[in-house]
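Position chain V relative to chain X; hints supplied.
This is what each chain is made of:
There are 2 protein chains.
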Amino acid sequence: MSFSVTILGSGAAIPTSQRNPTAQYVQCSERHILIDCGEGTQIQIRKLGIKFQRINYILISHLHGDHYFGLVGLLSTMHLLGREKPIQIYGPPGLKELIMNQIHAGGGGLAFEISFVELEKDSSGVLFEDAKIKINYFPLSHRVPTSGFVITQKVKERRLFADKAKRDGVKIEHYHRLKAGEDIEFEGKIFLSEDYTESNGPELKYAFCSDTEYMPNVVESVKGVDLLYHEATFLENLRDRAIATKHSTAGDAAKVAKEASVGKLLMGHLSARYENGESHLEEARPVFENCAVPEDGDVFVV
Amino acid sequence: MSFSVTILGSGAAIPTSQRNPTAQYVQCSERHILIDCGEGTQIQIRKLGIKFQRINYILISHLHGDHYFGLVGLLSTMHLLGREKPIQIYGPPGLKELIMNQIHAGGGGLAFEISFVELEKDSSGVLFEDAKIKINYFPLSHRVPTSGFVITQKVKERRLFADKAKRDGVKIEHYHRLKAGEDIEFEGKIFLSEDYTESNGPELKYAFCSDTEYMPNVVESVKGVDLLYHEATFLENLRDRAIATKHSTAGDAAKVAKEASVGKLLMGHLSARYENGESHLEEARPVFENCAVPEDGDVFVV
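From first to last, the protein sequence lines stand for chains X and V.
Going by the numbering used here, the first sequence opens with residue 45, and the numbers climb by one from there.
Going by the numbering used here, the second sequence opens with residue 45, and the numbers climb by one from there.
Chain X with its partners taken away, still in its complex shape:
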């Protein structure tokens, strides 16, 4: 069961010829999720050969253009290519109207249903959950209401020692309870789940934080995730700019990663003034070693 993050855009507000504005494609246990959708996202999706009709969930962090100006174009193209399957969009209040006004101005509509779910300011909770994945959101601290997201690949069912269970007389109707981690009492005997099953791998988590200034609450929200994408628009020498615009530095991102004990840190949303991520890595590594600055098109397995 795969769990990967493809960076479609790693740039900030001003796109460069190297970095598109923010967008990520997350594949998690056959669920296909788009996080943010800056201008040009549909072109990036096409260039990278991703099948975008598979996308069923779109999460929009906030209403700055570099995080959603590509959404209306993506939805239009899904329609033109014959989509009928509904789509779920989670984003700030106001997003629905901005998108649908543009769709209607073109004189038409969409052949598929969109379910818009509004994320209220400063709120948190579960956006979506099924047997295999869970998506949480939590507040970030930026100039407009902004949400971060955690995508969890759930603990898989434990693997059953079928031969042993059969030999010891465990009934087939009890197998699913043992695999779910329950112990069974049957005809006076106790069958421990751990005697008849083994772990099928741990729960895995990916967290997305962009855009935000450093805030202790964010650390709490991303505690222990395996992979953290955190914006690092500036370096410490532009602390004034970071404060004024409510963005983070590479140092901030590393501090969050360290305090939250994450597995690995990806830094993105780099200001157009930086030609590459070298200085970001130099600033972050003394605080948190396992970090990277992705390029557009890079894929990370969680």
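Simulated from the structure, these hints should not be mistaken for lab results.
Each hint can be trusted.
Label-pair distances were calculated between CB atoms; the ranges are:
{"hint": "1", "chain 1": "V", "residue 1": "Lys91", "chain 2": "X", "residue 2": "Asn281", "range": "27 to 35 Å"}
{"hint": "2", "chain 1": "V", "residue 1": "Ser48", "chain 2": "X", "residue 2": "Val343", "range": "38 to 46 Å"}
{"hint": "3", "chain 1": "X", "residue 1": "Ala336", "chain 2": "V", "residue 2": "Glu141", "range": "41 to 49 Å"}
{"hint": "4", "chain 1": "V", "residue 1": "Lys91", "chain 2": "X", "residue 2": "Arg187", "range": "28 to 36 Å"}
{"hint": "5", "chain 1": "X", "residue 1": "Ala336", "chain 2": "V", "residue 2": "Gly169", "range": "53 to 61 Å"}
{"hint": "6", "chain 1": "X", "residue 1": "Pro260", "chain 2": "V", "residue 2": "Ser73", "range": "52 to 60 Å"}
{"hint": "7", "chain 1": "V", "residue 1": "Gly153", "chain 2": "X", "residue 2": "Pro137", "range": "13 to 21 Å"}
{"hint": "8", "chain 1": "V", "residue 1": "Glu164", "chain 2": "X", "residue 2": "Leu325", "range": "53 to 61 Å"}
{"hint": "9", "chain 1": "X", "residue 1": "Leu125", "chain 2": "V", "residue 2": "Arg283", "range": "20 to 28 Å"}
{"hint": "10", "chain 1": "X", "residue 1": "Lys302", "chain 2": "V", "residue 2": "Phe156", "range": "37 to 45 Å"}
{"hint": "11", "chain 1": "V", "residue 1": "Met144", "chain 2": "X", "residue 2": "Lys302", "range": "38 to 46 Å"}
{"hint": "12", "chain 1": "X", "residue 1": "Pro260", "chain 2": "V", "residue 2": "Glu164", "range": "54 to 62 Å"}
{"hint": "13", "chain 1": "V", "residue 1": "Asn244", "chain 2": "X", "residue 2": "Arg187", "range": "51 to 59 Å"}
Computed footprint of chain X on chain V, listed as stretches where at least three residues anywhere in the stretch have a Cβ under 8 Å from a Cβ of chain X:
{"hint": "14", "stretch": "50 to 61"}
{"hint": "15", "stretch": "78 to 87"}
{"hint": "16", "stretch": "101 to 109"}
{"hint": "17", "stretch": "116 to 130"}
Ideal Cβ positions, reconstructed from N, Cα and C, are used throughout, including at glycine.
Chain V in isolation, oriented as in the chain X frame:
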């Protein structure tokens, strides 16, 4: 005095990895004009090294997304890069609200003024005129109100034979009238403009027609232009699709070019189903020989 057209996007509604949606950059006698602004236009402008703060006039043909979804992002970037110089935008009613609602949703504004001029349905006239250029608009026939545009580089001032004029006693204060083509009567003598000046080259015209079905009125509007860009979304074997969607075929584009006696025809807005323009050229050439199917990034001198 240069006059050139740079194709920023030659594709139709569904962008491909080869063709961006519609946008063109026109340079005419130091005036810098953008025609249409599909998604990703600002990234194309940057990749081609065009100085986009120079753009002072933006013409939007109609409110289908592949012709304007990139406008709000371009304006945002102009703002972020410090623009203070006002900009003129000409487009269909409703455009202003769609753009400004998105700008305001981001919690900010723009540091420069936009003057939006609405092009009423089925109307035509002069949008802009100064000493060097003129921009006209005229109605096209599509599913929503759509305008075509003609950009004219005006006849340059005639070149004066200064020695001859001096020798024959023409007063310096009459020079500009002779250069403008006027004859002068002075102290009983007549000085003919054509005796004292020569042509400095002809008036040049570029016309843009996208999106539209074939219509005799369009032929009238683009009569005799030096360069015509005409949409050719389909080929004749998809005539039904062309009729249903109010688009043109390569045959239609060639017919307009021939009937309007234009200098050269560029065909664009090719449906994503066509990998290249070969079949379009085969269909158009028997009707109108001097034609081309541009690629994104191509530059044409008018």
